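As they're listed, the protein sequences go chains A and B.
Numbering-wise (the numbering used here), the first sequence opens with residue 1 and increments by one.
Numbering-wise (the numbering used here), the second sequence opens with residue 236 and increments by one.
Restricting the straight-line Cα-Cα distance to at most 27 angstroms, the calculated cross-link-like pairs of lysine-lysine (DSS-like) are: (1) Lys33/A to Lys69/A; (2) Lys591/B to Lys548/B; (3) Lys210/A to Lys178/A; (4) Lys112/A to Lys101/A; (5) Lys83/A to Lys33/A; (6) Lys170/A to Lys548/B; (7) Lys548/B to Lys442/B; (8) Lys442/B to Lys254/B; (9) Lys592/B to Lys442/B; (10) Lys101/A to Lys210/A; (11) Lys176/A to Lys160/A; (12) Lys101/A to Lys442/B; (13) Lys69/A to Lys254/B; (14) Lys210/A to Lys112/A; (15) Lys548/B to Lys178/A; (16) Lys254/B to Lys619/B; (17) Lys548/B to Lys592/B; (18) Lys442/B to Lys619/B; (19) Lys170/A to Lys160/A; (20) Lys178/A to Lys160/A; (21) Lys83/A to Lys619/B; (22) Lys496/B to Lys318/B; (23) Lys69/A to Lys101/A; (24) Lys496/B to Lys293/B; (25) Lys69/A to Lys83/A; (26) Lys619/B to Lys33/A; (27) Lys160/A to Lys548/B; (28) Lys69/A to Lys442/B; (29) Lys548/B to Lys176/A; (30) Lys619/B to Lys69/A; (31) Lys254/B to Lys592/B; (32) Lys591/B to Lys442/B; (33) Lys101/A to Lys548/B.
No lab work stands behind these hints, which were simulated from the structure alone.
As the structure is a computational prediction, the values presented were derived from the model and not from experiment.
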Amino acid sequence: MTLKVIESAVLVPCWSCSVAHNESTLFCPHCSKIQPPASGDYFTVFGLEPRLNIDLTALEREFHRLSRKLHPDRFARATNSEKEWSLADTALLNDAYRTLKDPLRRTEYLLKLHGAEIGEEFSGKDRPKHESGPSRAPADLLEEVFDLNMQLEEMRMARKAGESDPELEKSLLEAKRKFEGLVEDVDRDLRAQWQAWDEGDAAARDAAQKNMVALLDRRRYLSNLLRDVTETLGA
Amino acid sequence: MGIDLGTTNSLVAYMEGDKPVVIPGVDGSNLVPSVVALDPMPADGSRPTVTVGNSARKALIETPERVIYSVKRLMGRSLEEVKNELKFFPFRLADDIEAGEVPRVQLGGLRFTPPEISAYVLRQLKRNAERFFGAPVAQAVITVPAYFNDAQRQATKDAGRMAGLDVLRLVNEPTAAALAYGLDRAKEGTIAVYDLGGGTFDISILKLRDGIFEVQSTNGDTHLGGDDIDNLLLTIALDEIYSEHGVDLRANRAAVQALRKAAIDAKLRLSAETSARFDIELPNGDRYQREIPRAVFELLIEPVLERTAGPCKQALADAGLTPEQIDEVVLVGGSTRIPAVRALVDDLFHLSARGKKPHIDLNPDEVVALGAAVQAGILAGASKTTEEMLLLDVTPLSLGIEALGGAVARIIQRNSTIPASATEFFTTGVDGQTNVAIHVVQGERELAADCRSLARFDLKGIPPMSAGLPRIEVHFLIDADGILRVSAREQRSGKEAQIEVKPTYGLTDEQVESMILDSFDHAEEDFAKRLLIEVRNEADAILAAVSRAPQNPAWKELSGEERADIAAARERLVAARESTDAAAIRQATVALDQATRHFAELMMDAAVSSAIRGKTMNEAGVELDENITAPHDFAPAEFK
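Chain A extracted, bound-state conformation (with noise of 0.2 angstroms):
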């Protein structure tokens, strides 16, 4: 998929007054009626550049704004085909909102716009975990989750027969917290390949998104283990 320009040349007529507008426009610039969707990116949705450092509050405002405009409740009263277009437009900004306004998601989504093949942990489709991830450990890892994977094996068995372990119950916390720490550092990463992303040449740009990738994927193997960690602490 390329990026689609934002300022999209296409020109359609409109449906209610006929005066022809921009194809992505959401609203009729002259009779100010809403338009059918037309098929854009998330960052189209919100007039932005594709870039990975976005205002957070802007974003935010924007979202609101934009809603007041296009929900359904706006249109209660309206045609049928208005009421459908409002539907779909405002499922287009929701999406939209969810996946730019959190880091991981709106990472992820630029770089699938940029042809990255990632796993889709982030972007809501939460894939069952056979199928999801890389199923090997990162490299400098391998003995850590190893003897991690042991711990968790021991806890669940004991909680089977019903005792408790508390050694192990706190050991398994020191492991947990030492994961998240790891996890924060990649988050750390992630944003300082953004810049590079964002305002890099081509080969600096290159470089950012096969460190962001393999970035995402290390992520997703240490949130999955946190997971199965904190299950099993839980349960």
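Could you slot chain B onto chain A? The hints should help.
Only chain B this time, still in chain A's reference frame:
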């Protein structure tokens, strides 16, 4: 209008200018018990009359087999799920239901689906509103528990259609409550709405900003509420009666109902008093007497209340907030009157530790209906107050597709703002395959079998191609009511695939159509006739009361001017009554009612003071009833 279709009680409200107001029923009460009773079958074979509300509740003890309540618990549920309810609720299922069919309950000699029963309650509310406005009402906003799944929402919408209502929107109950609260405050900040009603529990966390109510997260339990507390008390009473008196009342429907009523009374008293008492005469003449101190009651209900804590914590976690970040907590639902519930909420959100108190300024029984009216106002776009308001709600449960091996692939996460959508691509596994089946589920569990099955979609008419070649784009969209819509397209041929949607549980369009309550309600002419009869009856009642007025001692206390006003208003009503203009008759009735208001007060004073002079309150009550229920039947309705 806005409707709160509750487990225990239902209400209807509307926007009077920029203020939501509850519309009272004929008996002057704002609450219509969600109880439906069927009169005995008429000998001529015609359909028996259905009564709803307080009058139906009265029949509960005498003829429990012809009465049904708490039907909301059955809405949108499968036979398997419903069976669990039978332990505690005297629902009698029709015995010939096949798996996958919507269960029907037996009432008298007839069978009804849960949406049909709810439709009767809705029709009663519709009539109350029509009587109040003097004009037909066709559109409504109906509230549902936030944690209702797709099938439960669809069932509620079906009920609205059967009652002859165009359901403009389903609104989540806690969100509606937030709307009612946010109205006169124009608040900013983060609020939590804790809604413990008769049969359902919801927690919603919202961010308020510039009139936008943005739900951050929601959680709950559609099977948790005051009913569970009643059942606890009821079970204890039944057990004790059996062990102490050797009487097994469980099969005795009427006795169980009487006991349930006593349990509810005890529960209500325990919110205000530190102890309550059971005192019931048993069929064998023995008395079952039992003192329940509040401390014992609280210990008893602790496990029930504790079940609300998990959803609250999950909602906070999903919103990414700590209890300290919640600025205000709003309590909704009758069960939040219980002091132990308030203590739990205080603890969950660290309220008193921060010098805060939960909001209870609006009547917890009415606040949801008031909020529904506000949402109706927003949709109508009629008022300045609601113009700036917008509600952005979320879907309570994740939407997923059953993948190979029975695992769930989630496509829309819970707490996504609705409308929300997702697009998935499917292909074929066999050469020349023209059908693809998709199983859609709702829930948070890993395996499809543990989630709620929503529907099976059959994508038909795929052009025959080699396996894996077709690319079928399926678009899932959750609309503003929280209900799923699906469309599909085969991309390579550009052919719109025909989809057959088979809801796992639920009524088909044709079934709903066939269950629409008598066309009576739709025909405007019939409506006009019914309305005319009603307003004439009201006019007659007040005219009769006024003609008796001069015999009352209070009459002498009126000034000559007041008496002249009453006489004039009376003549205008007598004249209006002869016309067929229902609105004019209603207007003249209200005018006479207002003219006699002072007289009614004087009469009330006189009766009360004579009652105090040497009569028991009970006798006085009888006398009050006889003398001053006048001026007329609908006086308690208080037109403003």
